[in-house]
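A.B. asks: For chain X, the structure is supplied; the task is to place chain D on it using the hints.
Number of protein chains: 2
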Amino acid sequence: MSSERLIYLPLGGAGEIGMNAYVYGYGKPGKERLIVVDLGVAFPDMDGSPGVDLILPDITWLKDRRDRIEAVFVTHAHEDHVGAVAHYYDALRAPIYARKFTANIARRKMNEHGHPNDAVTTAGVWPEQVTVGPFTVGFLPISHSIPESSAMVIDTPEGRVIHSGDFKIDLTPGVGEPFDPGLWAEVCKDGIKALICDSTNVFSPLPGRSEATLGPEIEKLVGAAEGMVVATTFASNVARVKTLADAGARAGRSVVLLGRAMKRMVDAALETGVMTDFPPVIAPEDARSIPRENLMLLVTGSQGERRAASAQLARGKYQGIEMKEGDLFLFSSKTIPGNERGVIRIINQFSEMGVDVVDDSSGLYHVSGHANRPDLETLHDVVKPQVLIPMHGEHRHLREHAKLAEAKGMTGVLAVNGMMIDLSGNAPKVAEYIETGRTYLDGTVKIGALDGVVRDRIRMALNGHATVTVILDTDDEPLGEPWVDLMGLPETGRSKAPLVDVLEEDLSQWLNRAGAKTLRDDDKLNEGLKRTLRQSAMDEIGKKPEVTVVVSRLS
Amino acid sequence: MSSERLIYLPLGGAGEIGMNAYVYGYGKPGKERLIVVDLGVAFPDMDGSPGVDLILPDITWLKDRRDRIEAVFVTHAHEDHVGAVAHYYDALRAPIYARKFTANIARRKMNEHGHPNDAVTTAGVWPEQVTVGPFTVGFLPISHSIPESSAMVIDTPEGRVIHSGDFKIDLTPGVGEPFDPGLWAEVCKDGIKALICDSTNVFSPLPGRSEATLGPEIEKLVGAAEGMVVATTFASNVARVKTLADAGARAGRSVVLLGRAMKRMVDAALETGVMTDFPPVIAPEDARSIPRENLMLLVTGSQGERRAASAQLARGKYQGIEMKEGDLFLFSSKTIPGNERGVIRIINQFSEMGVDVVDDSSGLYHVSGHANRPDLETLHDVVKPQVLIPMHGEHRHLREHAKLAEAKGMTGVLAVNGMMIDLSGNAPKVAEYIETGRTYLDGTVKIGALDGVVRDRIRMALNGHATVTVILDTDDEPLGEPWVDLMGLPETGRSKAPLVDVLEEDLSQWLNRAGAKTLRDDDKLNEGLKRTLRQSAMDEIGKKPEVTVVVSRLS
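Chains as they are written, first to last, in our numbering: chain X, 663 to 1217; chain D, 663 to 1217.
Hints listed in this document are in silico derivations from the structure and should not be mistaken for laboratory results.
Just so you know, not all the hints are guaranteed correct.
In this list, chains with the same sequence are indistinguishable; a pair is considered to hold if it fits within one copy or across any two.
To be verified - The list that follows gives simulated cross-link-like pairs (lysine-lysine, DSS-like), each with its CA atoms no further than 30 Å apart:
hint, residue 1, residue 2
1, Lys725, Lys1158
2, Lys851, Lys996
3, Lys925, Lys690
4, Lys690, Lys1091
5, Lys996, Lys1065
6, Lys986, Lys1070
7, Lys725, Lys762
8, Lys986, Lys1065
9, Lys1206, Lys979
10, Lys1046, Lys855
11, Lys1158, Lys1108
12, Lys1108, Lys690
13, Lys771, Lys996
14, Lys1192, Lys1206
15, Lys855, Lys762
16, Lys851, Lys725
17, Lys1065, Lys979
18, Lys1070, Lys882
19, Lys1046, Lys882
One chain only, chain X, in its complex shape:
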C-alpha cells in the first residue's frame, strides 16, 4: 500500500458563494504536489466590510507551500473564479492555465498589474490534457452563463476526479458549448473517484431553462417598445448580451454598449472567436443624433452597483445619454441576495423619470447559469462518482447537496473552507483542519479580515468618533483644558448645550481630580479620559463614541 495520498482542500467557495479557491494535492503527507483550481474574489458590503475594495481568499497556507504548487487552473472567467489571479501572482508565481476566452480575460488582469503575459497559458479543450507533477488535467466543456466554462478532469494516481466548475445543463446555450451528455459519459465510463460539484441552486426544485428560451420573449418586448430600450445583464454573459443585441437589431435599433465591462467582454468574445457574429455597435456620442425609439442600449450594473452605467443613468446623464418618460429599462438578470437595496433604488429613480422598468418577476427575461436540483441529479447520474463533495455554496447549500448525494447512494462529504479531505482509499476522511479566512484588499493594501481594521471602521460608523487632546507641562500638570473634537456625532444633546462643551467640562473635572500618579501615567490618563468621555456622552446623547486620546507632554 502506498503512503501517498490524494487531498482536496477548499480555501474559498465552500461555505459561501464567492471567492472560489480549491486545492488538490498528491504525494506523501506534508509533501503533496499541489494544483489550485480557481482563484476568485468576493465583493464587500457596507454591513460587514465597509470601505473594502475586494475580498480575496486567505492563501497563507498556499504561500507557505509555494514550491509545491504545480499550477493554477481557471475554470471560467467570472470574477469569483478568476478575480484573484493577478492579485496573488507575486505570492504564488505558479503558471496559470485557462482556455482561450478565460485566458484573454486573465491576461487583461495580469497586464493591469504589470505581470507577464506568458504567465497565462492557453489550454486546449478536452481531449487535450496538461500534465503537471502527478496530475494530468483536462478542460471538459460544460454550459454556464459565460463562454468556455469548463469542468476540470483531474487524473491522479488514485483515479479520476471531476471538478464541475460552475454549470447548468443547457443543450442550447446560444454562445458557447452545449452540455454534451455523450462526451461526459465517455469521460466517466471507467469510473469517477469523486465529483466536486456546484451547489448554488440545490434548493431550486424545477429543471432549469435554456438560454435559448429567452430570445423570442426579449424580441417581443423590444419589438413592442416605443421609446429607447435599455437592458442590463452581467457583461460576461456574452450569450445574453448577444440575445439582447440581436433583439435590438431585429427591431431596427442601433446597439450601444455602455460601461467598460460590457465593451471588454464583447471584445474578448470576438477576439477569441467564441462569438462570431454580433450586430454593429455605435459609440455613445453617435447615439445622440439617433431618435430614441431607434436605440437599444446594453449597460452594466444589473446588481445596482453605484458606479455602473445603470445607476448613473438612474441618477441622470451618462456619457451624454439620458432616459426619459416612455423609455423602457429591462433587468435581464436576477438580483443577488444582498443587492436588493441598490437595485430597488434604481427602479424607483427610473419610476420618478416615468421610465417603465421590467424585471425578471415574470420569469421571461432571465435564466440562471446554475444547475437546479434536477439538473444536479442529471450530472450525478452521468458522472456516477463514488464520492460527491458539494462546493460553490453556503453551508446550507453544501449540507443539502450532501444529503441529496447520500440519498442517491453516493458518499456525500460536507467539506467547508479549511477542511482538508483525504480522498485516498475507499472512504474519504478529514485529514486536517487548515486555518482559512478572508483577506481584504483595502485601497492598495491587503489586510486580514480579522485584523481589527474594519471592525474599528464599523464601530466608528455606529458610534461616531471623538478626539481628546490633553497637554501636560514638564511637571505633569495639565496645561489648559482638555480639548474635544467630534466627528459623526450630533452637536447638542439632552442639555441643549453644545456637546463639545459638555464633554470638555466633564473631562476637565476628571482631570482636576486626577492624582499625580495618574497624570504621570499615559495609560491611566488615556483610560480615564476615554471612560469619562464615553460616560458623559452616554448621559448626553445616549451613545458611547469611539475615542482617540492624544496626550502631549512638553519636555
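C.D. replies: Relative to the frame of chain X, chain D by itself:
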C-alpha cells in the same frame, strides 16, 4: 363657492414603505384644521444610516402648526404606523385615537416615555364616529396581519374620504375581523370623494390567500417534526402566532414564547379580548425539563435582527435553550427586501448545527398582509372613489397603482411625501410642495437625516480616521513633530514602514516648509495638514482617510 379647501399631505409613507404619516386638513388656505393619520417609524440600515436607532418622519411642518392639529388617528399597531406617537407626543400634544388593541400598544409606548395614559383615547368601531373640528372620523374594520386594523372613514364638508390603512381582502383571517363587503358597500353607497389606498403589493398579480389556508399546512409540518420545533413570525401577527401555537398544542407540544415582543403582543391581544383562546404557555426556564420533541417555541426575529431571539438561538444558547441537530426551524414569514443578509446568516448558522430550516419558498407557511393587485381592484370596485391616491409604497408602487386607477376610469393621483393635494371641487390639484425628510433617533437625540452627522460616520466607515496633533509655541513655531493617531486603517502600506511614521514624516516636512503666515493661521494649518496627510496616505495605502486636525497653541 366656499374658500375653504380639503387637503391631503403625506409626510411619510408615500415614496417608501415605512414611517407612515398622512395629514388631512380642512379650512381656509393656511388656516386648515388638521388631523394626522398614523405616525410611524422606519428602520435604519448599515448602508444608509449606520448607528441610527430609528427613523422618524420629519414633522417640522406639523410642529409649526401645532395649534391647528385636532387629533392623531392610528389605523393599526404596526411600528411603521404607531412607532412615532410617543416620540412626537411632546412636539404635537394632540390627542391620539385608536381602537382598543392599537390603543393598548400605543399606551405601552407612551408609558415608556413617561407620557400620560389618557393621551390615548380608545375609539369604538364603525358606526361609531369621533368629531374633531371639521372632521367626523370612524374606524372601519379591514383585514390585515394584525388585529383591529381599520380604514379611516373621514367625513368632511367636501364629502367622504376613505384612508384604507394597510389591508388585505381576507374573509377568514383567524384572529381579527374579516373583510365585510356588505358593510363597506353600505359605507360607500353615497359616493366617495377619494380613496387613499395601500399600494404595497400592486405588483403581485395573483389574488392573495387567506390566513386560514396556513393552519392545516403548519399542523402537518409540526406534526411530522421529530425534534424541537421553533417558529418565527412578526409577533404582532397575532393570528399567525395563534395558528403556530395551536399547531404545537395539537401535536402535544408545550408552547414557549421567546422574545419580548412575542409576549407583549400575546398579552395585549388577550387583555383587550381580540383573542380569547390561546394554548397554555410555559416559561423558558421550565422548558429545559421537557423533552425537546415536546416543545414548540415561538420566537421573535423573523427578519434576522441581530438581537432578537432567532439570531441569538442561531449563535448559541438563548434563555437556557439551545437548538440541536434534528430540530426544525420555521420561518413563517417573508424576508423584507434589504434584510436578506441577516436572514441568510441565521439559516447558515442553523445549517452548521444540523437544524433543518423551512422557509416560505414553498408558499405554504406564510401569506402576505397586503392586498395583491386583484384585491386592490376589489376594494376599488367596492369603494368606487372619484379619486384614488396611492400610498404606502415606494415610487414604483405608487406610480403603478395610479396607472391602474386611471385605467379603471378613476382619477389617479401620484402624490409623494411633501406634495400637498387640494381635493376640493372636481379636479384634485397640487396645492403646494412641503419640505419633508427623515429625522433620525440617534441614541437619545433626534437629528436631521441631512445634518451631515451620519454622512461623516459613513465616510469614516469607508475611509478610516486619522488625528493629527500639532503644538505651536508662543512664537507660532512648531513644538516637536506632528503626531498622528489612526483608527480603522492598516498598520503598514506600500513602503512596509509603519503607516503612522510615514504620515508623520510627510507632515513634518510640510510643516518645516510652511511659512510664518501659514503657521499663524489655524485654517491654513488645518487645511495644509489635512491635504498632506490625505495625499501621503493615498500614496502609501491607496485611501484618503477622514482627518481631525488638532492645533494647540501655547499661550
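A.B. asks: Checked against the structure, which of the hints given earlier come out wrong?
C.D. replies: 2, 3, 12, 16, 19
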